[in-house]
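Heads up: the protein sequence lines correspond to chains A and B, in order.
Each number in this note's numbering comes from the position in the first sequence (counting from 1) with 702 added on.
Each number in this note's numbering comes from the position in the second sequence (counting from 1) with 358 added on.
Hints in this document: simulated from the structure, not taken from any laboratory.
You can trust all of the hints, since none of them are fake.
Subject to a maximum C-alpha distance of 25 Å in a straight line, what follows is the list of computed SDA-like cross-link-like pairs (lysine to any residue): (1) Lys528(B) x Ile736(A); (2) Lys528(B) x Ile769(A); (3) Lys711(B) x Arg522(B); (4) Lys528(B) x Glu783(A).
Here are the computed distance ranges between Cβ atoms for each label pair: (5) Glu773(A) x Glu592(B): 34 to 42 Å; (6) Arg383(B) x Arg737(A): 20 to 28 Å; (7) Phe726(B) x Arg751(A): 38 to 46 Å.
Idealized CB from N, CA, C, for every residue including glycine.
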Amino acid sequence: MTRHPSRVPRRKDPDDPVVCRCEEVTVSQVVRAIREGHDTLEELKRHLRAGMGPCQGRTCLPLLARILARETGRPLPEVMEEVSIRPPLVPTPLELWRGG
Amino acid sequence: MKRRADVVIIGAGVTGAALAYELARRGIRDVVVLERRFPCSGATGRCGGGIRQQFTTPHNIRLAMESVERYGTLSEELGVDIEFIQGGYLILAETEGEREAQRKAVALQNDLGLPSRLLTPRDAKRILPLLDETTIVSATYCPTDGHANPFRVVEGYLARARERGAVLEKFTEVVDLEVKGGRIVKVRTSRGDVSPGTVVNAAGAWSGEIARMAGVKLPNRPVRHEIAITEPVEPFMEVMVISIHNGIYFSQTAEGQIIGGIGNPGERPGHDTSSSLGFLRRYARELTRYVPALGQLAVLRQWAGLYDVTPDAQPILGPTPGLENFVQANGFSGHGFMIAPAVARHLADYIEKGVLSENLARLSLERFERELHGEAFVVG
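With these hints in hand, go ahead and build the complete structure from the sequences.
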């Protein structure tokens, strides 16, 4: 089975950096989604898929949380509290789970 | 928050969202959707996204057929790509008894006009070349079944409903229902009270709690179902696969990930949505037994949602005896996403014109006082 070919990178815009590298979500997309009403981390994640890629949000969730806190004026710890961390903590091949 | 509304819908899962849209389309715009957390935070946003018509009761088959027709044009209608992939459902059987059940189910389905058919293991392998066909004795296949992205469906329904006047109140928990003279006169929430025309209980696994606030007893029980998703790979299967032998289901999303789960017959009723290692092991074992090549794929995450299960695994729809403005839209037993477009239509007709379709009449709360003929295939 072939791995998914890496997606075609979108044109780089120095004024609109990528927040989630796995799903290629940029700052302006995040800000727009928050203004449309997706104003919790869980909702942002579901709407933009940010944090749902192979890194499982390790890189992007703290960045998303900062943007969200800035946009909504809510304290960062409160924003961070809303997100659930789901197992396994590291992507693991299915065949390793089926044994024994 | 609004002080009164023609219709108050409790729950912003697919059922509540679809109903808000269907009502708005009919000109009933004074609708408030109350959601304890956020849209899709319950079972809808946790489900596998399957859309199946191969059921074993006439009502489930008819509602599913009507929904598939609707799902086919929903992206266009809602202006949102719902990622509907109509690649069919392949249902696996491993014993002679299961093959016989499949033969009977196909006969009933064909009678109702569904193009499902019974397959040999070799035919099944033609549909899914990576299947180890030695694991099965038969399969059924319906080419018009499929799967879609539940988040996009709910987003689309709610966006179009809100454009027409419906209001979504998220992070708003219903704490009590005040009954007077055979009606619900007030819906009390964590953020204020609403006086309702009609109240719709679309609260999924929490429907029992909501009904109890109005003194109504539902026979529903919440049951945890676990699910997992892998890294994305190049598209290789459009078909969604389930097994009536062990309750496994899996499909490939538009993004290329394999999403699937497996029921646990020993699961005890309750609102627990934690993830277990036992599930992952059982799922990995059964999945790779049917399709060994999938063992190479890495699991990215696992989670759980709650089935809202009734004694006959069919939903509870329509009026509530003794309370003239309380409408039930729950008890979907793991199949709510599949039939929501049709259910919303029937319920909107009932709320708008008082028309009780045959399906609604058969699936009323009152039926639990009569003899039950249950759905046999309770899988994703």
